[in-house]
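Colleague: Could you build all of it, start to finish, from the sequences and the hints given here?
Below, each chain spelled out in residue letters.
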Amino acid sequence: MNISNLLKIAWEAILRNKTRTLLTILGVVIGISSVIAMVSLGQSSQMSTQQQVSDMGTNMIMVMRANQRRGGSNMGNDNVQTLTESDVKLIEKQATYVAKVSPYVTAAGAVIYGNCNATGQLQGCSPSFLEIRKYELVDGSCFSDDDVNKSAKVCVIGQTVKANLFPNEDPIGKTIRFKNIPMKVVGLLDSKGQNQMGQDQDDVIFAPYTTVQKRILSQNYLQMIYISAKSEELVDKAVSEVSLLLRQNHRLDDHQNDDFEVRTQSEMLQMMNSISSTLTYLLAAIASISLIVGGIGIMNIMYVTVTERTKEIGLRMAIGARARDILMQFLIESAILSLIGGVIGIILGLVISYAGANLLGWPFTVSVTAIVASFVVCAAFGIFFGWYPAKKAANMDPITALRYE
Amino acid sequence: MGETKMEDNSIIRIEDLRRDFVVGSEVVHALRGVSFSINPGEFVSIMGTSGSGKSTMLNILGCLDRPTSGRYFIDGQDVSNCSKDELSMIRNRKIGFVFQSYNLLPRTTSIEQVELPLLYNNSIGPKERRERAEYALEQVGMANRALHTPNQMSGGQQQRIAIARAIVNDPVILLADEATGNLDTRTSYEIMSLFQRLNEQGKTIGFVTHEPDIALFTKRTVFLRDGQVMKDELVETQSAQAALDALPKSSDY
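Sequences listed follow chains A and B, in order.
Residue 5 is where the first sequence starts when you use my numbering, and the numbers rise one by one after that.
Residue 480 is where the second sequence starts when you use my numbering, and the numbers rise one by one after that.
Since the hints were made in silico from the structure, they are not lab data.
Since the structure is predicted, the reported quantities are computational estimates derived from the model, not experimental observations.
To give an idea of the chain B side of the interface with chain A (calculated C-beta under 7 Å), a few residues:
1) Leu543
2) Asp544
3) Asp564
4) Ser567
5) Arg570
6) Asn582
7) Arg586
8) Leu598
9) Tyr599
10) Asn601
No residue lacks a Cβ here, since even glycine has one placed at the ideal position from N, Cα and C.
Modeller: Here it is, written out as structure tokens:
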């Protein structure tokens, strides 16, 4: 039996049974495309969740003044004056895992514009603070480094402050007063909503930290330093690096405790990781179930259609086909069907994932593992269950196969 | 078995052929020691009532089934102990089989049906395959139905296609199992006329039937009863064409 004759026989059989061919291909297509769509959409949602969580700033590190104890009594941390601008400069210059650094001081007081007033916090920082905390501007611009150097009387306000002080006005260029110090509004922040503690993140006024230090608080130390690590994975490294630098700069001996405290968004990271792993398990479960369902579907169709052709197998043997000719024919047929179904399934799966991701506003990703695994499993099911009933039929005596109903 | 020597040039020779079927705990003896031979150019009908073993006999002659014991020579070759693959080869090269229910492949054109046996023969290329299939269709008078599928043809036409498929490999013997069983009288006579013509052209034919009037168109009849040869006699052959002409026109509808 030469291969071109076999191909001719298999191809004619495929063309002759259009309904069966379509059903079989459909089984493979559904098996493969559902797995690809499930896994890809799942990964898209995972990425989307990750993005949302990291929008809150998972790579943020806060350095605070340590709560010192002397002789057993808690001294509190209000009077600790160890964090200074030189710490910020050192970190900026030497820390390799750190992306941005901003000093931070804050003062509470009344804010007045015209006949409106509100109580609020004036937060002093550097322009990089907006990036560390992931604030976006919708109008105007942030104050500059030059403004910081000159302790300029400028500020950036959040949406809640705008709503309180400028209900019907454009705040840009207007001057508000904080503790009787006039400050010009140069930028308006986009709304950020509440943080996970329920605090309003839009009730904020940011000004150069030098302005707050010199003109309002009359102090030269900092309350906090905000730092962003270069990536989420580098947070731990950045923390130890910053700690080491601060200890050096504060000239602490080995036996002395830190006079500062470093906090990270570890809770948020933990939450994100647990969401990720839950999603990953869910996806694996869905994908396995889809694969099993798809595989069983293919198995059924193949088994039924091949068994139904026992009589045809009997006739072919009666006119001289050997068992191995029959097996080769059915192997070629099921391989062709699996291949066509596989290609269509992959394309359909990708189209569904793309459309779904677009519809839900998720990023589109392609899971190569899902494509390969679903194709291999479905093709294996298709070929095996095309071959196995054919083998059973081919092992019968021709007359038994011919009489099979 | 001293007397079983290959001394003649018979197409088919069977000696003490037995075939048992196990049904549940019982053993059914379908053939209980059958011996006869068929010589080149013969047209033999195998007759018998239902259950006489004639179909079992023909299936063994067609190498579709294997005897429980006994010997079977076809064209001088002992096939009693052939492997499955060897039997396939013999069916493909030496035997043409015509079934009662035609057994054509659905949705397949006549020319493809007839080409089918040659597809399983490596020594025949595509061009020769097509030519031989066309010639076989011509011989059964179906050249103008080459591109028809079974559901576009009558029973008699389908049986002609099946006969073309059986002769396309130029077999040493043509075996038919109740080939007219599904057909009306007129069509049966037409098919018999076709068989007679093929026989005149030199084809050796073995023909199973239970209808005595059909057996009259053959040259020799072997009667089977209860798995044994009861009678083996020459027939006063009638012409199927003459019988066809004698049929009243009114029965033709």
